[in-house]
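Student: Line by line, the protein sequences give chains R and W. Under the working numbering, read the first sequence as residues 3 to 256, first letter to last. Under the working numbering, read the second sequence as residues 9 to 314, first letter to last.
A couple of the hints might just be wrong.
As the list claims (entries may be wrong) - Dumping the calculated DSS-like pairs for lysine-lysine here, alpha-carbon to alpha-carbon at most 27 Å: (1) W:K181 x R:K19; (2) R:K76 x R:K116; (3) W:K181 x R:K77; (4) R:K187 x W:K181; (5) R:K120 x W:K233; (6) R:K115 x W:K181; (7) W:K181 x R:K127; (8) W:K181 x R:K120; (9) R:K118 x W:K233; (10) W:K42 x R:K106.
Calculated directly from the structure, the hints in this document are not laboratory data. Being a predicted model, the structure only gives us computed values, none of them experimental.
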Amino acid sequence: MAAAVISVDGLSASYQKNTVLHDVNFQVREGTITAIVGPNGAGKSTLIKTMLGLHPKLTGNVRFWDDAFKTAKKKIGYVPQRGSVDWDFPTDALDVVTMGLYGKIGWFRIPSKKHKEKAMQALKKMGMEAYAHRQISQLSGGQQQRVFLARALAQDAELYFMDEPLAGVDASTEKAIMAILKELKSRGKTVLVVHHDLQTVPEYFDHVLFLNKKVYAHGETEKVFTKDNIATTYGGDMQWVGKGDQYVIQSTSH
Amino acid sequence: MLSNLLHTNTMWVMTSTMILGIAAGGIGCLAYWKKQNLMSDALSHAALPGVVVAFFIIQEKNLLLLVIGAAISALLGAFLIQWITNTSRITEDTAMGMILSVFYGGGVMLLAIANRSAGGNQSGLNSFIYGQAAAMVRSDVITMMVLASIVIFIIFIAFKEWKLFLFDASFAKGIGLSVRGMNVLYTTVLVTTIVIGIQAVGVILMAAMLIIPAVSARYWTHSFKMMIILSSVVGGISGAAGTWISSTGSGLPTGPFIVLVSATIFVLSLLFGKEKGIIIRFIQFKIQQRSSKEDYPLTAGKGGSQ
Ligand SMILES: Nc1ncnc2c1ncn2[C@@H]1O[C@H](COP(=O)(O)OP(=O)(O)OP(=O)(O)O)[C@@H](O)[C@H]1O
Ligand SMILES: [Mg+2]
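With the rest of the complex left out, here is chain R (with noise of 0.2 Å):
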């Protein structure tokens, strides 16, 4: 069995007064692809950003390699919400994937030419090499969300924390993305990620996490994506329609 990759211990969080994660425990093992999956408001984007240190945990642990987030950071590669950041900021496309390289190029130190052809390569790799000078605000949704993906391959990690990298994107952008994720799994990378639609989970991911405020299940995909974890994850009122093994949600709350 391989070793894991991510432990968490009894981990909670909150934002003022209200819990938003209360005792979440799992582990992760290497190489594997993780989807986590919740209604939205589970605190999903939260757990990953209390696992990353960027927002306060109120009580437990969360261990990286058997290591504290501080030492493990350079191996971790993050790709946030899409609407995290400022689009209209003046940069382009290629410049926002050499940041992915910053960490190894150096503080107050110039990229070399070098690191601008890894960064090339990895926008060439989302099919963006013909945007690479593009201002970033003059990018769709989907080509931005390549360019954040482009970003945290530049960065070369163990490790990928991604949220939502599917939200919004189109059949073509969904496959460049999935694929991405499969060669970085096949390398023995592991790879956690929001995950919205239900009916590509079995396709996609090999292990699913319910999230829902707490853990409800956790585990490989044959074994937890079951009807039942689904329903009490997103709670009674959720109506199924099953075809097949396909799963449609129908909310009969609004």
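Since the structure of chain R is already known, use the hints to place chain W with the ligands on it.
Tutor: Leaving out everything else, chain W with the ligands in the frame of chain R:
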């Protein structure tokens, strides 16, 4: 006029306001992307009571010591804004408005007391409100130039770090840049620039020196580096030209002329700017319209008749 320009003291003062303008233009860009334009206004107003209190304590007009007083009260203002925002339901811009007016009001009151007390009339402290570059003596000029040069150096040495910090702070944190350290550095250079500028430009208009060059530069470029450079150039030109104009008449305040020069550059940028200027946009739109009429004469004709 020309003899005025050749006057050595005027040359010195012009050089110093030019360097101040360069520093203010650069840091103004950082403030622009930190979305903290109102913050610089609040901080410059909050500096006033510090200046007067420092004068009460040292009883002479030594720019360096007054600047330290100004910095302490500006930082106190910044701290109070944070504190009010964090501990109450008052939003940040309301807190800034409160601190700005309370500190400025307190400063004006203290200033009135200072002017009444013995020797106060000669204090020249009034120049801190509207700015009087000509009132600066040689040591003031040197203090200002040294501090402004340090600010410029800090902005330019860490281009890439500022860019990452301002564009995506959480990613920056993830790859090991100390966001807290950057925040401290940012506040330090911002406050330094403001407090060394208030004698020449005045607390009321200091914020304009930070904001106007940055928004003017925005119309010319899509590159962060270019934006900082252009903004610094606009700041430098406004500083020097404004000082020169104000030196042509005796007793003219400097701040308003610096702001007028930079506002003129802003209007020119708004009209002629290469990237977002009104005229270039209009021309591009017309060219597109014409070529689409050529490509689809029928639909364009229909659209036009509506
Ligand atoms: N900055 C904030 N201040 C206060 N409450 C917040 C903040 N951010 C999130 N929350 C609350 O915390 C809860 C969890 O939010 P989070 O963003 O982690 O949800 P999520 O699972 O990522 O949702 P989504 O699927 O919509 O992205 C929500 O109820 C939300 O209202
Ligand atoms: Mg989220």
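Student: Would you mind confirming whether the straight-line C-alpha gap from K181 of chain W to K120 of chain R stays at or under 27 Å?
Tutor: Satisfied, since the Cα-Cα distance of roughly 22 Å is no more than 27 Å.
Student: Is K181 of chain W close enough to K127 of chain R, meaning Cα to Cα at most 27 Å?
Tutor: holds, 25 Å
Student: Keeping to a limit of 27 Å between CA atoms, is the pair of K187 of chain R and K181 of chain W held or broken?
Tutor: holds, 25 Å
Student: Just to be careful, I want the Cα atoms of K76 of chain R and K116 of chain R compared with a cutoff of 27 Å; is the pair within it?
Tutor: Cα-Cα ~20 Å, so holds.
Student: Given the proposed pairing of K181 of chain W with K19 of chain R, does the C-alpha separation stay at or below 27 Å?
Tutor: Given pair K181 of chain W, K19 of chain R holds - Cα atoms ~26 Å apart, limit 27 Å.
Student: Decide if the proposed pair is consistent with the structure: K120 of chain R and K233 of chain W, CA atoms, cutoff 27 Å inclusive.
Tutor: Measuring from Cα to Cα gives roughly 21 Å; hence the hint holds.
Student: Does the alpha-carbon distance linking K181 of chain W and K77 of chain R stay inside the 27 Å limit?
Tutor: Holds, at about 13 Å.
Student: Against the 27 Å threshold, does the CA-CA distance of K118 of chain R and K233 of chain W hold or violate the hint?
Tutor: The hint holds at about 16 Å.
Student: Below or equal to 27 Å on CA atoms is what counts here, so check K42 of chain W against K106 of chain R.
Tutor: holds, 25 Å
Student: Within a Cα-Cα threshold of 27 Å, do K115 of chain R and K181 of chain W meet the stated pairing?
Tutor: holds, 25 Å
Checked against the numbered hints above, the structure breaks none of them.
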